[in-house]
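Asker: Knowing the structure of chain A, use the given hints to seat chain B on it.
What follows is each chain in one-letter form.
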Amino acid sequence: MLDLIQNTIDGVMIGGAYALLALGFTLTFGVMRRLNLAFGAIVLCGLYAGAAAHQALGWGLLGSIAATLAVAVAAGLYVERLCFRALAESASIAAMVSSFAIWMQLEEIAALLMPRRTYAYPALSEARPWEWAGLSLRPDQLAMAAVALGAMAALGWTLRRTRFGLAARAVATAPLAARLAGIEPARIGSAMFLLACGLGGLAGALIAAVDSQVTIKFGMWAMLKGLVAMTLGGIGSIPGAVIGGLALGVIESNAQWYLGAEWRDIVAYGLLFAVLYWRRGRERPWTNS
Amino acid sequence: MDFYLALLQVIGIHALIGLSAYVVILTGQVSLAQAGFFAIGAYVAGMLTVLAGWHLIPALLAAGLVAGAVAFLVGFPALRVKGLMLVVATTAFGEAVRLFFFNFDYQVAKGGVRVGPLGGEGFKQIRFFPENGYTTLDVLVFIWVVVGVVMALLWWMDRSRAGAVLRAVGEDELAAQAMGIDLTAVKVAAMTAGGVIAGFGGAIYAHYTTHIEHFNFGIVLATFAIAYPILGGLSTAFGTVVAVLFIQGLLIEGLRFLGDWRNLLFGALIVLAMNLRPHGLLDAATTLRLRRLFGRGGAGRDA
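Note that the protein sequences, when read in sequence, are chains A and B. Last residue of the first sequence: 289 in my numbering, with the numbers rising by one and none dropped. Last residue of the second sequence: 1303 in my numbering, with the numbers rising by one and none dropped.
Treat the hints with care, as some may be off.
Pairs of lysine to any residue residues, derived as SDA-like cross-links and limited to a Cα-Cα distance of at most 25 Å, are as follows [claimed, not checked]:
1) A:Lys217 to B:Gly1218
2) B:Lys1082 to A:Ala153
3) A:Lys217 to B:Leu1258
4) B:Lys1082 to A:Arg279
5) A:Lys217 to B:Leu1099
Hint data in this document are derived by calculation from the structure and do not stem from the laboratory. Quick caveat, the model's predicted, so the values are computed rather than measured.
Excised from the complex, chain A in its bound form (with noise of 0.2 Å):
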């Protein structure tokens, strides 16, 4: 029973930052209705900027993570550009192949500008894990899940309570009467695919703060992560993506428990074609947010 607490506690930490992966990917397709390949290898840029600012500057947690933030946006701006601006929205397979080639392009930029296997990464906080009736916690990991909270909190707000994100869940609802209300669509999903960059970008700065180092396949296991857990939650659904993610958290840090690490991923994915298979692949509205 301690096992299996602990093992929920664990798995609902990292479960934040699955989420905040997963609203990556769900802003960007509730608003385009395309999905984004790059997406992994964008946070990778972000956070291998930051390793950067930290070993060749010096530069702290703060500094590091404002790093990663701004070239994933900067990333992100450019994917956008290439890849779903200039390709109509008839094209949408094509606009996935074209964000497939960006993402070898932007892997193959980070592996040569820092080609080592592994780079540090601030650690969160050096502090001892907090041990209280056989259970354990790490204060970093905690923080982790509360930043995650925090900006979910916040995009929560930005989508109900600002003009911006009435005019977001507008363009997700009816692009067509959008526009004739006088929204671009296009301008508001640009924004949108950068914002979503940014808590790609936010997501990816906590994992590896609380790792203390960033690798080369992170890009690669941040899209896994992020797509599984936004598909687990429901497509479409900003609840649902934040569930997702601790739901996949959960139950990962279970099943690496109680069947080893080599079923860690197999389980999540079986549960997921499960999910899949069960709810039909049905999409829920994103604007009943």
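Answerer: Same frame as chain A, but now just chain B:
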């Protein structure tokens, strides 16, 4: 010379995985599971020739059958969903297959050496070609005979009723359903055919490299598989082969002189190609023009 032969071998293998995705994409489904079927074909054929001592040709057929059977079984649940959800579901399947082989051990002692798949270390010494004295040219001919057979079958299918049915489902599911077409049956059939072709490709790949590892079959290969038919255009199966020539021949090998910077231009050129030709290099209009050029099929079929 050997360099060009080896390049043509790679192109043949990639043509097979591209064609496997082409069949599925004809029905409007984007599947990232093709690398998984490719992996199954590679491991099945490798185990049959190395552990059971089969000849490559029956092993190839068996690999196609097993991969096709798995595609059939996966097709039923997976094809209940479509669009982005299918992309995610098939990605999950492909990754699950890769992880399965990452943990898969089945070793047998043969002639004092232990052979067979060994988890993360992969499956080494799949030496059917060298043991039977195949030269590079022989292997090349073998690969392209298989590609030729698959292309001929696809060409024949495209001219038959089956091709029309597949395209009808791809163009407009509702209209196809109204014509009495069973959508699930068509999609699962396309998925199964794609699985068989990918299984052939994997079987050849395993014997071509002689050493396979789980990470050969990841999401990158799966995405390449769907990039070929999309980039080549869905008018004919030739488009897929043209796209493989374009990517593997021109972009990857042709730009090799750029060294490490190759991938940067590679990405940019694919984006450029997709922007200039969103319906593929060989789109419907180009196909028609080519047909007229060769004086066939013009008026009656396309007018």
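Asker: Against each hint, give a clear statement of whether it holds in the structure.
Answerer: Results for each hint:
1. A threshold of 25 Å between alpha carbons decides the hint, and for Lys217 of chain A with Gly1218 of chain B the separation of about 12 Å falls inside it, so the pair holds.
2. Using a Cα cut-off of 25 Å, the hinted pair Lys1082 of chain B and Ala153 of chain A is violated, with the two alpha carbons roughly 31 Å apart.
3. For the hint linking Lys217 of chain A to Leu1258 of chain B, the alpha-carbon distance of about 24 Å falls within 25 Å, and the restraint holds.
4. For the given pair, Lys1082 of chain B sits about 12 Å from Arg279 of chain A by alpha-carbon distance, which is consistent with the 25 Å threshold.
5. Restraint check: the Cα-Cα separation between Lys217 of chain A and Leu1099 of chain B comes to about 16 Å, which is no more than 25 Å; the hinted pair holds.
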